[in-house]
Amino acid sequence: MKKKDKVFCGKKSQGARLTPYLPFIFFLLSINMACETQTSTPVKVDQSFYHWQTRYALTEVEEDYLIDLSVNRLYIKFFDIDKASANEFPSPVALLEVDSASYIPSEVIPTIFITNRSLRKLEEKETDVLAERIYTLILRLSQQVGVDKIKGIQIDCDWSAQTKDRYFQLLSTLRNQWMAPEMELSATIRLHQLKYAEDTGIPPVDRGMLMFYNMGEVTQWEEPNSILNNETATKYIPSRYDYSLPLDLALPLFHWGVLFREGKMIKLINGLSSEDLSDRERFSQVDSSHFEVVRSTYLDGYYLYQGDQFRLEDSKIEDLSAAVGILRSYFPRKSFTLAYYHLDTPNLQRFPHAVLSKLAEQFEQ
Amino acid sequence: MQFYQNWQNSLNNENIAARDPKTSIDVNNQQTAKHPIEREQQKKLSHFSFTLSRLTKNLGLLIFIIAWPTYSSSDCGPFSNQFQGYSFLNPAIGQLKSPFAPFTLGFAEVFNFYPGDKTVQEQENIREWWERYCEVPNKADIDYVVYGASERDLNELRSTIEGELLPWSSLGPPLSNNTFARYLYRYKCTEAIDYLIFAKQCEPHAVARNNWETGQKDLNEMENLIDRGQVLFRRTKSEYFRLRYVYQIVRMAHYMKNYRQTVELYEYLMPKVDNDPSLIEDWALGHYAGALLELGQEVEAAYLFSRIFDTCPSKRASAFRSFRIRTDEQWEECLMRCEDNHERAVLHLLRAESQDARLVEEMRSIYRYEPTNENLELLLLREMKRLEKDLLGLDFNNKRRQNAQLHDIPRPDAGEKVIALQQFIREVEDEGLLPRPERWKLARGYLELLAGNYYFASQTFAEARKMTKNDTLVQQIEAFELALQISDWATVSDEVEEQAADIQRTNEAYRLHPDFPDFMRDKLTKLYREKGDAGKAFLAQYSIKDLKVNAGEKMVDNLLSICRSVTANRFERNLVQKPDGTTIEQDLLNIKTNLFLSRGEIEKALETFKLIPLENWDDFGLFHPYLEHFNDTIRYSLPSSAQVFNKGEVLQDMVRMEYLAQAEQDRDKSADIYYRLGLAFYNMTYFGYSWKMLDLFRSGQSLKNIKRGSGNYLIYNPNFPLGNREFFDCSVARFYFEQARITAIDRERSARALFMAAKCEQNAYFLDAPAGSFPLRENFATLKENYSDTDTYQLIRSKCKYFEAYVNK
Numbered sequence: 000m001k002k003k004d005k006v007f008c009g010k011k012s013q014g015a016r017l018t019p020y021l022p023f024i025f026f027l028l029s030i031n032m033a034c035e036t037q038t039s040t041p042v043k044v045d046q047s048f049y050h051w052q053t054r055y056a057l058t059e060v061e062e063d064y065l066i067d068l069s070v071n072r073l074y075i076k077f078f079d080i081d082k083a084s085a086n087e088f089p090s091p092v093a094l095l096e097v098d099s100a101s102y103i104p105s106e107v108i109p110t111i112f113i114t115n116r117s118l119r120k121l122e123e124k125e126t127d128v129l130a131e132r133i134y135t136l137i138l139r140l141s142q143q144v145g146v147d148k149i150k151g152i153q154i155d156c157d158w159s160a161q162t163k164d165r166y167f168q169l170l171s172t173l174r175n176q177w178m179a180p181e182m183e184l185s186a187t188i189r190l191h192q193l194k195y196a197e198d199t200g201i202p203p204v205d206r207g208m209l210m211f212y213n214m215g216e217v218t219q220w221e222e223p224n225s226i227l228n229n230e231t232a233t234k235y236i237p238s239r240y241d242y243s244l245p246l247d248l249a250l251p252l253f254h255w256g257v258l259f260r261e262g263k264m265i266k267l268i269n270g271l272s273s274e275d276l277s278d279r280e281r282f283s284q285v286d287s288s289h290f291e292v293v294r295s296t297y298l299d300g301y302y303l304y305q306g307d308q309f310r311l312e313d314s315k316i317e318d319l320s321a322a323v324g325i326l327r328s329y330f331p332r333k334s335f336t337l338a339y340y341h342l343d344t345p346n347l348q349r350f351p352h353a354v355l356s357k358l359a360e361q362f363e364q
Numbered sequence: 000m001q002f003y004q005n006w007q008n009s010l011n012n013e014n015i016a017a018r019d020p021k022t023s024i025d026v027n028n029q030q031t032a033k034h035p036i037e038r039e040q041q042k043k044l045s046h047f048s049f050t051l052s053r054l055t056k057n058l059g060l061l062i063f064i065i066a067w068p069t070y071s072s073s074d075c076g077p078f079s080n081q082f083q084g085y086s087f088l089n090p091a092i093g094q095l096k097s098p099f100a101p102f103t104l105g106f107a108e109v110f111n112f113y114p115g116d117k118t119v120q121e122q123e124n125i126r127e128w129w130e131r132y133c134e135v136p137n138k139a140d141i142d143y144v145v146y147g148a149s150e151r152d153l154n155e156l157r158s159t160i161e162g163e164l165l166p167w168s169s170l171g172p173p174l175s176n177n178t179f180a181r182y183l184y185r186y187k188c189t190e191a192i193d194y195l196i197f198a199k200q201c202e203p204h205a206v207a208r209n210n211w212e213t214g215q216k217d218l219n220e221m222e223n224l225i226d227r228g229q230v231l232f233r234r235t236k237s238e239y240f241r242l243r244y245v246y247q248i249v250r251m252a253h254y255m256k257n258y259r260q261t262v263e264l265y266e267y268l269m270p271k272v273d274n275d276p277s278l279i280e281d282w283a284l285g286h287y288a289g290a291l292l293e294l295g296q297e298v299e300a301a302y303l304f305s306r307i308f309d310t311c312p313s314k315r316a317s318a319f320r321s322f323r324i325r326t327d328e329q330w331e332e333c334l335m336r337c338e339d340n341h342e343r344a345v346l347h348l349l350r351a352e353s354q355d356a357r358l359v360e361e362m363r364s365i366y367r368y369e370p371t372n373e374n375l376e377l378l379l380l381r382e383m384k385r386l387e388k389d390l391l392g393l394d395f396n397n398k399r400r401q402n403a404q405l406h407d408i409p410r411p412d413a414g415e416k417v418i419a420l421q422q423f424i425r426e427v428e429d430e431g432l433l434p435r436p437e438r439w440k441l442a443r444g445y446l447e448l449l450a451g452n453y454y455f456a457s458q459t460f461a462e463a464r465k466m467t468k469n470d471t472l473v474q475q476i477e478a479f480e481l482a483l484q485i486s487d488w489a490t491v492s493d494e495v496e497e498q499a500a501d502i503q504r505t506n507e508a509y510r511l512h513p514d515f516p517d518f519m520r521d522k523l524t525k526l527y528r529e530k531g532d533a534g535k536a537f538l539a540q541y542s543i544k545d546l547k548v549n550a551g552e553k554m555v556d557n558l559l560s561i562c563r564s565v566t567a568n569r570f571e572r573n574l575v576q577k578p579d580g581t582t583i584e585q586d587l588l589n590i591k592t593n594l595f596l597s598r599g600e601i602e603k604a605l606e607t608f609k610l611i612p613l614e615n616w617d618d619f620g621l622f623h624p625y626l627e628h629f630n631d632t633i634r635y636s637l638p639s640s641a642q643v644f645n646k647g648e649v650l651q652d653m654v655r656m657e658y659l660a661q662a663e664q665d666r667d668k669s670a671d672i673y674y675r676l677g678l679a680f681y682n683m684t685y686f687g688y689s690w691k692m693l694d695l696f697r698s699g700q701s702l703k704n705i706k707r708g709s710g711n712y713l714i715y716n717p718n719f720p721l722g723n724r725e726f727f728d729c730s731v732a733r734f735y736f737e738q739a740r741i742t743a744i745d746r747e748r749s750a751r752a753l754f755m756a757a758k759c760e761q762n763a764y765f766l767d768a769p770a771g772s773f774p775l776r777e778n779f780a781t782l783k784e785n786y787s788d789t790d791t792y793q794l795i796r797s798k799c800k801y802f803e804a805y806v807n808k
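Chains C and S, in that order, give the protein sequences. Each residue of the first sequence is one higher than the last, beginning at 0 in numbering that gives the first Met the number 0. Each residue of the second sequence is one higher than the last, beginning at 0 in numbering that gives the first Met the number 0.
These are computed hints drawn from the structure, not numbers from a lab. The structure presented is a predicted model; accordingly, all values stated were derived computationally and were not measured. Any given hint might turn out to be false.
What the hints assert, rightly or not - Over 10 angstroms on every C-beta distance to chain S, these chain C residues come out as not near it, computed from the model:
(1) Val44
(2) Tyr240
(3) Lys263
(4) Ile265
(5) Ser287
(6) Ser295
As the list claims (entries may be wrong) - BS3-like, lysine-lysine: derived pairs with alpha carbons at most 25 angstroms apart:
(7) S:Lys384 x C:Lys263
(8) C:Lys163 x S:Lys591
(9) S:Lys216 x C:Lys82
(10) S:Lys256 x S:Lys271
Built from N, CA and C at the ideal position, the CB exists for glycine as well.
Bound conformation, chain C alone (with noise of 0.2 angstroms):
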């Protein structure tokens, strides 16, 4: 015992003379370190939209928006896993289709999006044939999209206590089996595994894309628009960002009816509008979010009953100002890409390329 104490006393006789200035060093450390991240280091906003339909053909004015946003990357969703019955091997679907005359920006992160029910009852080696079987198609749809080298991969799964272990070994197994080590695997995080990042697992992946959208309770009545619902997720971000991961952010500007029939909610009508329902004869207003049909009547393709009710949510601008001032506090003061769900037409024709500008200078700074 006394032999170690004495190596012992040897190393700590040359740090002892250190020990009683320390806590000041630490404190100048930690001074240097706030004042670089706060004042010194710039942070750049990388703007970015997610491709959410089937079919990869962008209009003109999809196009010219990219374009004039410097929008260098853009998420495209390759396709779903999903399965039809419990005893089936998860296969793809609703796979990307692609015309090969549409503009292609110079980054494509391709984009998955898996089903929990995919992963409940997956065997472990399972779980390794469906990530190889992920990299090989997804290696396939970027020739057919035209991307020569993909630099990185995203997965989008709402996993459950049931998928965790499951979701995150698919996720390990793609990282570390099958992509190369410059690509990078991002996964996307919803606001309840932000908080509640010690009971959901944080996913084994290079970076996280949070989800600020779908955050209300799009089934109530009372449900003021459970699209971006400020009030709501402020419950859900913590004070300090503690995150394990670094973060990217996705922001809502798609805009939604949701029907209600005899009190229960049973649909929603994508990219439903006050305008799609401003045909008194059909629709009166109740108030400025709340419509009743007056007259059994179709819309985009449904049957509505008179007595039916329409709550139309949407992602205003006002609202997106405000959901940045709440996580521009959250964000460390570093680069990251902040991308919009999801480019579409009707929706980049309600938001000016010069507001979605402003929201990425908000973070800036």
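Starting from the structure of chain C, add chain S where the hints point.
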């Protein structure tokens, strides 16, 4: 939010990728498997006087039904999250054989009778081949040639027919023994073989491939097939095969996404075919309509899909999915295209198929166009099924709160919907145009029952009886009448209980409909509760096993009084009777004994237990509750040398000891007796090795599952509907240990008692102190401060890690 995601997934088929940030709980895969310790302990229950298995083994249906609730309308038993209610509506009363049934009825049990779409398509195709070949070949053989044989097989068959390959036996066994192949050979049906070979060549380009492989379609080959098909079409004499070529050609063009070419080929080729009616016409029409849809001719496409939906069962599902009307103008235009009212009625039928359609509105429209439309009855059944779910037994369904919370059932306007449907039925009955009015009469009666108009329901059922001799319908009437009889019981009486006993024993509808036992049990439970018969209410719903793990004194007394009553009616006797003809009285006395004992009331416990005949005392278990354990182990078995006693003997001993402890002059001897009583009480609790003295079931998980500090020791357990009450309370044991410590002069004795009191103190901490707080450990402190010089102190240190850790702190 998971709910929302499911919604979006199911409602927006094109985009299943709902992007939802809040989903957190995966409710679909909840496990209810028992903990291994629970399973082990359940295995050990055999010494109890009677177990559930004994209860149910010999008693037959009667008691089984009472003692073991089942919920036939749900999938997963009593703890399912699914809707739990009753159903007496037999879908067979509708035209179940109607090929529309799977669509129009729309409820799960009916779907089970029907094969999938692909199977229907293959079956219909085989049947048509069979009919075209004079119903001579075996259908399975046709199946093999059409779907199983390879292109090479078919080429060999053709060569044999042409005489190029001899003899017939040189064909492989599947074909050489095949009646259809032999038929084709005998009649030299080369056109059929040529068509089948062509179809085989088309097939790989038409079937869905494994989506993991994204190989491009071979468009050149598909184009070649279209060209070759047209050549074969021209060369073929048989109008039937010319039609089939058109189908294959149009199909190829459609799958190539050459929609204009699809339309042109169809419009050019079809008029050149002079065939007898065939299902292939509809198949080809489907591709034509699909191409029109892609070309923007939505109304024409919708109209054609409605026709296919109406006439072609094998393409009904795909036609339903493809039928799409966007606007009111398109709807009107589509109605204008219809050639007759039947076609117009079909359009409304397609609208009614939507999951959330307002059926009465659509039924009115269908009826207006075509009062004899077979789907009206199916829609009526579907709406009644919904209303039955909403309203049947609503005032006594013991799962109604769960149904409301999880499924929004009943729907808020269910009452209005009943009225609307009744109104519609009255109107159509008055007009007298319905082909089978007795079914509508029956429906009206059932709606009256659901609405609580029992008198009118009874009259309507009687009228319906006069209108039919159909046995299915008569059985349905009997089921409705039984549901009416049970629903109509306003209060429980001897007469009602006699009726219940009769129903259980003799009623055929009760036997045939699996939901009746539950229906009657729930109704009686409600009536018993209203009357204050807690015991009967309990036993009508649950079993004696459930009572043993969570007993209420009032219930036990109520049931004891029934057991002892000389005037009990048949139903009451059934409730308390065991398979061997005796009653559950002794089990109830044992439960009551346990209740007294758990409170430390030894004399009352003994007095109660003594009511059980002495010769049966061993039936309630053998115990040795006086063993002293300083260290608790998970796996413990009583030493083989230990003498065991039945509960009555233990109680007699305890009563005697309590008296002796007070009377004993020698304080150490008195302390020993108190200590022994303390051990007995401790060992009977959840924490002791003789817990079976007080309890039927103990779960190792229970301690983890209690809400600390709540004082509520009733633990949720999926095996026991009323939960499992654990005997955690060590306060009686602690009282006797403290008595022992105070009384003892010998410090070793005091140290022992102090330590056991400390165990009780620690157990109370586990139960009652808020999580994260520190235990007080007053007894440990006393032991450490005042008894460290005793041998017992050293022994305890060596045995108890808690204490050792405390000393070393």
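Taking the hints in turn, this is what the structure says about them:
1. Consistency note on Val44 of chain C: stated as away from chain S, and its beta-carbon is indeed over 10 angstroms from all of that chain's, at 20 angstroms minimum.
2. With 10 angstroms as the threshold on Cβ separation, the claim that Tyr240 of chain C sits away from chain S holds: the shortest Cβ distance comes to roughly 17 angstroms.
3. Not every CB of chain S is more than 10 angstroms from the CB of Lys263 of chain C (nearest about 6 angstroms), against its label as outside the interface.
4. With a closest Cβ-Cβ approach of about 5 angstroms to chain S, Ile265 of chain C is found to fall inside the 10 angstroms limit, against its non-interface label.
5. The Cβ of Ser287 of chain C sits about 23 angstroms from the closest Cβ of chain S, beyond the 10 angstroms cut-off, so the non-interface label holds.
6. Non-interface status of Ser295 of chain C relative to chain S is broken: a Cβ of that chain comes within 10 angstroms, the nearest being about 8 angstroms off.
7. Distance restraint check for Lys384 of chain S and Lys263 of chain C: the Cα-Cα separation of roughly 19 angstroms lies within the 25 angstroms cut-off, and the hinted pair is therefore satisfied.
8. Among the hinted pairs, Lys163 of chain C with Lys591 of chain S is inconsistent with the structure: their alpha-carbon atoms are about 48 angstroms apart, more than 25 angstroms.
9. Proposed proximity of Lys216 of chain S and Lys82 of chain C is supported: the alpha carbons are some 24 angstroms apart, at most 25 angstroms.
10. Proposed proximity of Lys256 of chain S and Lys271 of chain S is supported: the alpha carbons are some 24 angstroms apart, at most 25 angstroms.
Figure legend: structure checked against the earlier numbered hints; hints not met, in rising order: 3, 4, 6, 8.
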